[in-house]
Amino acid sequence: MSAFFMCAPDIRRWPPAHSRPAPAVSAAAGGAGEDGGLAQLRRQYPRWLIWRGSVTGEYWAMPPRGHPTRRELVSARDLNELAAILALAEEQLDL
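The numbering of the sequence shown is our numbering, which starts it at 2 and goes up by one.
Simulated from the structure, these hints should not be mistaken for lab results. Keep in mind it's a predicted model, so treat the numbers as computed, not measured. In this text, a Cβ means the ideal position worked out from N, Cα and C, and glycines have one as well. Please note: incorrect hints may appear among the correct ones.
Derived Cβ-Cβ restraints for the label pairs, each shown as a range [to be verified]: (1) S55 <-> E92: 25 to 33 Å; (2) G37 <-> A85: 12 to 20 Å; (3) W52 <-> E91: 14 to 22 Å; (4) A40 <-> P65: 15 to 23 Å; (5) L74 <-> P47: 15 to 23 Å; (6) S76 <-> D36: 12 to 20 Å.
Construct all of the structure, not just a fragment, from the sequences and the given hints.
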């Protein structure tokens with residue numbers, strides 16, 4: 002008999018996974034308001050690839066090809082911080 006079977010619990014006694022409800026998980030506080038703000042930033046900066054990390058809960062943006070930021074990934078803790086970073090990056094583009 003292998004050590005695994007001696008130490009592992011008897012899985013035949015476990016209830017089926019499909020009979021248990023999935024846990025509710027949220028990466029960060031917020032909801033529809035933040036989703037709306039994210040959509041607004043995407044409309045304001047359509048060439049940027051903007052998303053919210055499902056694991057980190059942070060906001061991310063990848064500049065468009067040819068942007069002076071040299072395709073550096075941008076991250077922010079919240080939408081206000083991301084909006085400020087994007088505005089600053091676009092000001093650099095206008096110089």
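task: May I ask you to test the hint 25 to 33 Å on the CB atoms belonging to S55 and E92?
output: Roughly 30 Å apart at Cβ, these two residues keep to the hinted range, so it holds.
message: Quick check on a hinted range of 15 to 23 Å for A40 and P65, using CB atoms only.
response: holds, 18 Å
task: Check the following: the C-beta atoms of G37 and A85 are separated by a distance inside 12 to 20 Å.
output: This hint holds: roughly 18 Å between Cβ atoms.
- request: Could you say whether the range 14 to 22 Å given as a hint is met by the Cβ separation of W52 and E91?
  value: Distance hint for W52, E91 holds at roughly 18 Å.
D36 and S76 - C-beta distance against the hinted 12 to 20 Å: Holds, at about 18 Å.
- request: Please test the hint of 15 to 23 Å on the beta carbon pair from L74 and P47.
  value: Roughly 18 Å apart at Cβ, these two residues keep to the hinted range, so it holds.
When held up to the earlier numbered hints, the structure conflicts with none and fits them all.
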